[in-house]
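Protein chains: 2
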Amino acid sequence: MRFDAPLPLQSGASIHGYSLTYETYGALNAERSNAVLVCHALNASHHVAGVYAGQAKSEGWWDNMIGPGKPVDTDKFFVIGVNNLGSCFGSTGPMHAHPDTGAVYGANFPVVTVEDWVNAQARLLDALRIQTLAAVLGGSLGGMQALSWSLQYPDRLRHAVVVASAPSLTAENIAFNEVARRAIVTDPDFHGGNFYANGVLPKRGLRIARMIGHITYLSDDVMNEKFGRALKDAVQASATGYKYSTQDVEFQIESYLRYQGDKFAEYFDANTYLLITRALDYFDPAKPFGGDLSRALAVARAKFLLVSFTTDWRFSPKRSREMVKALLDNRREVTYAEIDAPHGHDAFLLDDARYMGVMRSYFHSIDAAVNRAGADA
Amino acid sequence: MRFDAPLPLQSGASIHGYSLTYETYGALNAERSNAVLVCHALNASHHVAGVYAGQAKSEGWWDNMIGPGKPVDTDKFFVIGVNNLGSCFGSTGPMHAHPDTGAVYGANFPVVTVEDWVNAQARLLDALRIQTLAAVLGGSLGGMQALSWSLQYPDRLRHAVVVASAPSLTAENIAFNEVARRAIVTDPDFHGGNFYANGVLPKRGLRIARMIGHITYLSDDVMNEKFGRALKDAVQASATGYKYSTQDVEFQIESYLRYQGDKFAEYFDANTYLLITRALDYFDPAKPFGGDLSRALAVARAKFLLVSFTTDWRFSPKRSREMVKALLDNRREVTYAEIDAPHGHDAFLLDDARYMGVMRSYFHSIDAAVNRAGADA
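Chains as they are written, first to last, in our numbering: chain A, 1 to 377; chain B, 1 to 377.
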């Protein structure tokens, strides 16, 4: 969907003549009250569920959660997945041309925030003539968007579902983002963000950024379970036990990380990486309230489901509990599930019977309210 | 001290005509029984204590622990600090010339292991005519050397003091090392390790490596306490609250990390970084015993002090407890202190009254045994 009117951004800049790529699943009911907006995190898109005809391995990134008969049941809900501004999966981003000049944005793409994304999503909903969402749902950075929806448009959503998220990044979170950004920005192929014109891609930096990211998505436990100190087969079979090399791949964890880094560098845009990590850094709804999250959340009207995972050290349960407390301080209705899963931050994308059960049950109750309330009345 | 005889290395290679730089503090007693060997970690050297005359800020890296009247009291002990082979602070390393060819080692410096370092240290002690050490003491990678001493030369040390260490790296530890190595190796200025000849240094890679390292040295708690989400003064004072930039330094944690990275890249050798992180990866005394640490430690004869710090997520208390258990399985004499300090892995270098008290008390008892036993008899 193309938007010609300028969207004012939090930075003071604005963007116009931009497009948002989105997908929908299921049918909007007659009352237009069963829409669920799904917000994505760093490396994801509007393609949240289903497969594209004839395309193998094209499952949506949250296909285990969203679809017919799944916890977020597309037989009941009209689900909307939207790619955020600045991303690299369809919506207008740094690799696209400025509508007035025709020049590729590159490093000049405006810095966008969680709040800006939510405003852009709200305009999309306006165009779809959806005034009130049954729910906004997101994990990680997507959860920040769900939280921000409840603050920016408190009357336009009934439920906010915030999974594996946080009300702001910690210093350590920012630190990991900063190292990843430095790896990208100092790659000689980055060319100050205008690498498109040079026919090169800063793949070295992207690889490092992704490797760092992957370490923080997993728990120490699951890494030990999946890889431990296991060696590559060829090394394992060698007489000396190791290769005694500083640059060869010897441990399986090294192989895994290099593979993830290589794969990512082939398709992800470097400027997008900078923009999205900065949006993460900046998000801090408590900032205008002197750090008081309870005051910041006072405006929220939605009901909340928060889910965290015990081994998630990137967005730990402690951070979810901060949000729960701030919502309870405001006498909001909150459901909170802390799932004892071994998979770290990645757990929010994985199957876990208890997690799936909580989500199914919660969305079942939303369904009852929005779809069957009229029937019962 | 120069060593002409070849030192066989674990890899099957050997090195000859190398030098070890070392410092000593205090006096060796008549029985030559009061020597304490201090082993260093990644970014440290033989200069463990004291200051160099006329040089400001030249304190040894463990000067709070070692010196006259300090926990490791140089009025009582003859303390030896030695720079390891392959390091970049004086002993023979990749930046030096091969004694036969005169060519700079660069990437051809042999891969050295913890076991190799211990063997080299033992030769230094031979040359100093010290048969039995009162103690071997080390933190982190230095602690691995202390542990390895107890296995390689069980009769040459009375005590092993293993601080903030582990019997091997976890998958996550190896993963962080690997990302740091990839950052260095893929820096175009690395030139396959032979950058010396090209008149350049792979500073970009070293900066990233050091930034990653620093994150893992600190706890999430202490990072939040020291930096939190605090902004640089100029950003804080701005009307918009942020600079809305993807490349500027805005948060204080970013400024800190960049400073640490820049400083490190000025003096640390890239090949040394690869070698030392690989020595960390490889260390695993349980490997020849099918992963059974208890069997691996059966040969140890020393008495042990192990210290860990609750917020150290790099070498967590759990890893120290593994060593304690394996030693107790072998009915060894073990003292274990788990210090509830907020500083993460870095805690082993910092002042903490309980930590210092434990160390003082333990070394006091060693002093009583080695220095005063004769007097009492």
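Think of the hints as simulated: they come from the structure by calculation, not from any bench. Note that the coordinates shown come from a computational prediction; the quantities given were computed from them, not determined experimentally. Please note: incorrect hints may appear among the correct ones.
As the list makes no split between identical chains, a pair holds if one copy fits it or if it spans any two.
[To be verified] List of simulated lysine-lysine pairs, DSSO-like, C-alpha gap at most 27 Å: (1) Lys70 to Lys287; (2) Lys325 to Lys57; (3) Lys203 to Lys318; (4) Lys226 to Lys243; (5) Lys287 to Lys243; (6) Lys318 to Lys226; (7) Lys57 to Lys263; (8) Lys226 to Lys325; (9) Lys57 to Lys318; (10) Lys203 to Lys287; (11) Lys232 to Lys325; (12) Lys243 to Lys263; (13) Lys263 to Lys203; (14) Lys287 to Lys318; (15) Lys263 to Lys287; (16) Lys243 to Lys232; (17) Lys263 to Lys226; (18) Lys287 to Lys226; (19) Lys232 to Lys287.
These are the hints, each one checked on the structure:
no. : hint             : in the structure
1   : Lys70 to Lys287  : neither (37 Å within a copy, 45 Å between copies)
2   : Lys325 to Lys57  : neither (41 Å within a copy, 47 Å between copies)
3   : Lys203 to Lys318 : neither (35 Å within a copy, 37 Å between copies)
4   : Lys226 to Lys243 : within (22 Å within a copy, 41 Å between copies)
5   : Lys287 to Lys243 : between (51 Å within a copy, 15 Å between copies)
6   : Lys318 to Lys226 : both (26 Å within a copy, 19 Å between copies)
7   : Lys57 to Lys263  : within (15 Å within a copy, 46 Å between copies)
8   : Lys226 to Lys325 : between (35 Å within a copy, 24 Å between copies)
9   : Lys57 to Lys318  : neither (35 Å within a copy, 40 Å between copies)
10  : Lys203 to Lys287 : neither (35 Å within a copy, 36 Å between copies)
11  : Lys232 to Lys325 : neither (47 Å within a copy, 29 Å between copies)
12  : Lys243 to Lys263 : within (25 Å within a copy, 32 Å between copies)
13  : Lys263 to Lys203 : both (10 Å within a copy, 26 Å between copies)
14  : Lys287 to Lys318 : within (19 Å within a copy, 37 Å between copies)
15  : Lys263 to Lys287 : neither (37 Å within a copy, 32 Å between copies)
16  : Lys243 to Lys232 : within (10 Å within a copy, 46 Å between copies)
17  : Lys263 to Lys226 : within (20 Å within a copy, 36 Å between copies)
18  : Lys287 to Lys226 : between (39 Å within a copy, 18 Å between copies)
19  : Lys232 to Lys287 : between (48 Å within a copy, 15 Å between copies)
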